[in-house]
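Trainee: Next come the chains, spelled out residue by residue.
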Amino acid sequence: MTAEAGPPATPVVPSTVAFRAILGKDLRAELRTLQSLPAMALFAVTTFVIFRFGLDRTSLSGDLAAGVLWATLLFAAILGINRLFVAEREEGGFDAIRLAPIDRTALFAAKAAALLAYLVVLELVVVPVFAIFFLDSAAALAPLALVLLLADLGLAATGTLISSMAVNSRARDLLAPLVLLPLAVPLSIAATGAIEPLLALGGPGYHRFGTWLAVLGLYDLVFLLVGYAVFDFLLED
Amino acid sequence: MYGKGLRPLSIATVAALVVSLSLVFFYAPLDADQGFIQKIFYLHVPLAITALIGFVIGGVFAILHLRSGDSRWDAYSYVSIHMSVIFGVAVLITGSIWAKASWGHWWVWDEPTLVSFLIVFLMYATYYPFRYAIEDRERQARYASVFAITTGAFVPLNFIAVRMAQSLVHPRVFATTNGGLPGSMMLTFLVSLLAMGLLWVTLVKFELTAKSASGQIKRLRRALDAPPSGSTPRVAPEVS
Amino acid sequence: MLSLLPIATPALPLDEAGRYVAGAYVVFLALIVIYVAIMAAKLQRIERELRELAGFVEHRANGDGRAAPEKERATSDV
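Chains as they are written, first to last, in my numbering: chain A, 6 to 242; chain B, 29 to 268; chain C, 63 to 140.
None of these hints come from the bench; they were simulated from the model. Even glycine gets a Cβ: it sits at the ideal position worked out from N, Cα and C. Misleading hints may appear alongside valid ones.
[What the hints assert, rightly or not] Covered stretches of chain A (in silico footprint by chain B; criterion: 3 or more residues with CB under 8 Å from a CB of chain B, positions within the stretch not fixed):
#	region
1	33 to 46
2	176 to 186
3	220 to 232
[To be verified] Heads up, simulated SDA-like pairs for lysine to any residue below, C-alpha to C-alpha not over 25 Å straight-line:
#	chain 1	residue 1	chain 2	residue 2
4	B	Lys128	C	Leu91
5	C	Lys104	B	Pro36
6	C	Lys104	B	Pro57
7	C	Lys104	B	Lys128
8	B	Lys233	B	Leu221
9	B	Lys233	C	Arg113
10	B	Lys233	C	Met101
11	C	Lys104	B	Leu221
12	B	Lys233	C	Ile96
13	B	Lys239	C	Asp77
[Stated by the list, open to error] Label pairs and their computed distance ranges (CB to CB):
#	chain 1	residue 1	chain 2	residue 2	range
14	C	Arg107	A	Ser20	49 to 57 Å
15	C	Arg110	A	Ala26	53 to 61 Å
16	C	Val95	B	Leu248	41 to 49 Å
17	A	Pro106	B	Trp135	48 to 56 Å
18	B	Ile39	A	Leu151	53 to 61 Å
19	B	Pro157	A	Gly59	53 to 61 Å
20	C	Val95	A	Arg62	49 to 57 Å
21	C	Arg110	A	Arg177	21 to 29 Å
22	C	Ile94	B	Gln194	31 to 39 Å
23	B	Leu248	A	Gly59	54 to 62 Å
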C-alpha cells in the first residue's frame, strides 16, 4: 500500500467545479476529434443493414424491432465505452486526477455524464434512421426516447465503472464487452420489455410500461450507487 | 492455520450428505406430478441456493477487503466465488438433466430461475479473465473486489428482471413452490440444503488451506533465497 | 397436487426416470471426485516443494561446515 490512502479529508476544489471541468474537457475533446461518435453511429446503421438481410425483413415491429434496435444500440455503446478512458490512460490523465485535491467520485460522475451524453447523441441520430428503415409510424418515438434515456443511464453507470478497470488491464478491448454484456442483461430485458409493445403493429401499446420503467430506474439507482461507493478504490495506486 | 477445523468439518459434511441421500431415497415420498424424477430437486435446488449465497458471501468479503486492505479477505472472496462457480456448473448440468427428464429438452427458457442462474453463472465466469488480465497484484485484488461487489448487486436485479420477462401464457414448468411442500419433503430438502452448505464451506476451507500453504512456500523460498522449484539439489532423504 | 404417499423403501425403477436421476447424482459425484483429484495433485506439489526447500536448507547448512542435526530433525518433522 502506498502513502495515499484515500481522498483528502476536505477536497480543496469543490466537487461541482471538478465535475464541470472534467465533463467539459471530455465533451470538448470529443467535439474536436470526433473519434467515437461517428464510428458508433456508422456501426449502428450498418448493423441495421445487416439485420435487414440477416432476418430477411424490410419492416420490423414488436419483439423483433425491439430486439434489433436494442442489441444494435448496446453493441454500438460498447464501442464508445471502450474508448471512454483511453485519453486518460495515454496522456497520464489518471495521475493528474489522482494528485488533484478533488473528490474522486467527481471523476466517476463526470465520465458517466459524458458517456450518457454520447449515448443520447448516438440515439438522436440512430433511432430516426431505424424508424425510417423499419418502422411504419413515428408515433412511438416519444415514449421510446424516455425508455432509452433510462436505459442509457444504466449503461453510463456500469460502462464507466467497468471501463475504468478495463483500461488498466492487458486485454483492454476485450474485457469491457466481456464483463459488461452479462451485466447489461437485466437492463436489456427491461428496455426491450418496454419497447416491444411500443413498436407493435397496431400502434404504441403500454403493457407493463410503468413496471419496466421502474425496473430500469432500480437498475440505474443500484449501479449509480455502487459506482459512487467504489470508485475511490479504483483510483488508488 | 486454515486447516484447523478441516477434519471435523469434512466428517460433518460426509455425514450430512449420507443422511440427505438416505432421506431422499428412503424417506421422501414420491411426487404425484413428476414421479421419481422429482428426486433431482433435492440435488439441484440446494446446490443452486448454496452457490447463490456463496456469490453474496464473496461480495461481502470483497467489501471487507476494500475497507481494510487486508489481502486475506481478497483470498476469501476469490475462493468463495470460485467455489460457487464450480457449484454453478453442477447446478446447470443437473438442471439440464431435470429439464430433459421433465420436459423433453435439454434446456428450457420457460423456467425463470434456471435462466436467471445461467445469466448469473455467465456473469461470474467472466471473473477469471477479468481478474487475470490485471497485472499488478494489489490492483488486481482491488478490482476483483469491485467486480464482486458489482456482481453481488447484479444478482437480485437479474432475478427480478428475468422473472418479469416470463410471459404469463407459459406455465411454470417446475412448480416447486417451497410453501407447497409436505413436511417430509421439506425436511429432506432442508437436510440436503444443509449438506450442500457444509460441502461448500468444507471445500472453501480446503482450497484456502492449499492456497495458504503455497503462499507460505513461496515466501519461504524468497526468505531462504532458494532457487525456484525444480532446481534444488536433493540432499534430504526422500519421503515417499 | 403432491402425493402424500409415504414409501418405506425406494422404488428402484430401471426405467427412464431412474436413469436421469442416477445421471444427475453421478454428475454431482463426478464433480466432487474431479475436484478432490485436482486438490490431491496440488497437495502433492506442495509436498514436493517442501521437500525441496528442506533439502536446500540442509544443503546450505552442511555447506556452512556445521553439522546441523537440529535442522535435520526439524525438517523431518515436516
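Trainee: The structure should be examined with respect to each hint, and the outcome stated for every one.
Mentor: The hints, checked one at a time:
1. Residue count for the region 33 to 46 of chain A with a Cβ under 8 Å from a Cβ of chain B: 0. That is fewer than the three needed, and the coverage hint is violated.
2. Using a Cβ-Cβ cut-off of 8 Å, 5 residues of the region 176 to 186 of chain A lie near chain B, which meets the minimum of three, so the contact claim holds.
3. Proximity of the region 220 to 232 of chain A to chain B, defined as three or more residues with a beta carbon under 8 Å from a beta carbon of that chain, is established by the 6 residues found.
4. Using a Cα cut-off of 25 Å, the hinted pair Lys128(B) and Leu91(C) holds, with the two alpha carbons roughly 20 Å apart.
5. With a C-alpha separation of about 22 Å, the suggested pairing of Lys104(C) with Pro36(B) holds against the 25 Å cut-off.
6. Annotation: proposed proximity of Lys104(C) to Pro57(B) is violated, straight-line Cα distance about 42 Å (limit 25 Å).
7. Between the alpha carbons of Lys104(C) and Lys128(B) the distance comes to roughly 36 Å, so the proposed pair goes past 25 Å and is violated.
8. As the CA atoms of Lys233(B) and Leu221(B) are separated by approximately 18 Å, the hinted pair is consistent with the 25 Å bound.
9. Our distance criterion of 25 Å between C-alpha atoms is met by Lys233(B) and Arg113(C), whose separation comes to about 24 Å.
10. The straight-line distance between the Cα atoms of Lys233(B) and Met101(C) is roughly 12 Å, inside the 25 Å bound, and the hint therefore holds.
11. Of the supplied pair hints, the one linking Lys104(C) and Leu221(B) is violated, its CA atoms being roughly 29 Å apart against a limit of 25 Å.
12. Restraint check: the Cα-Cα separation between Lys233(B) and Ile96(C) comes to about 17 Å, which is no more than 25 Å; the hinted pair holds.
13. Distance check on the hinted pair: Lys239(B) and Asp77(C) sit about 45 Å apart at the alpha-carbon level, beyond 25 Å; violated.
14. In this structure, Arg107(C) and Ser20(A) meet the distance hint of 49 to 57 Å, their C-beta atoms being roughly 51 Å apart.
15. Separated by about 58 Å at the C-beta atoms, Arg110(C) and Ala26(A) satisfy the suggested range of 53 to 61 Å.
16. Between Val95(C) and Leu248(B), the C-beta spacing of about 32 Å breaks the proposed range 41 to 49 Å.
17. Hint check: Pro106(A) to Trp135(B), Cβ distance near 54 Å, so the stated range 48 to 56 Å holds.
18. Hint check: Ile39(B) to Leu151(A), Cβ distance near 59 Å, so the stated range 53 to 61 Å holds.
19. In this structure, Pro157(B) and Gly59(A) break the distance hint of 53 to 61 Å, their C-beta atoms being roughly 28 Å apart.
20. A C-beta distance of roughly 50 Å is found between Val95(C) and Arg62(A), which places it inside the suggested range of 49 to 57 Å.
21. Checked against the hint of 21 to 29 Å, the C-beta distance between Arg110(C) and Arg177(A) comes to roughly 38 Å, which is inconsistent with it.
22. For the hinted restraint 31 to 39 Å between Ile94(C) and Gln194(B), the CB-CB distance of approximately 33 Å keeps it satisfied.
23. With their beta carbons about 59 Å apart, Leu248(B) and Gly59(A) fall inside the hinted range of 54 to 62 Å.
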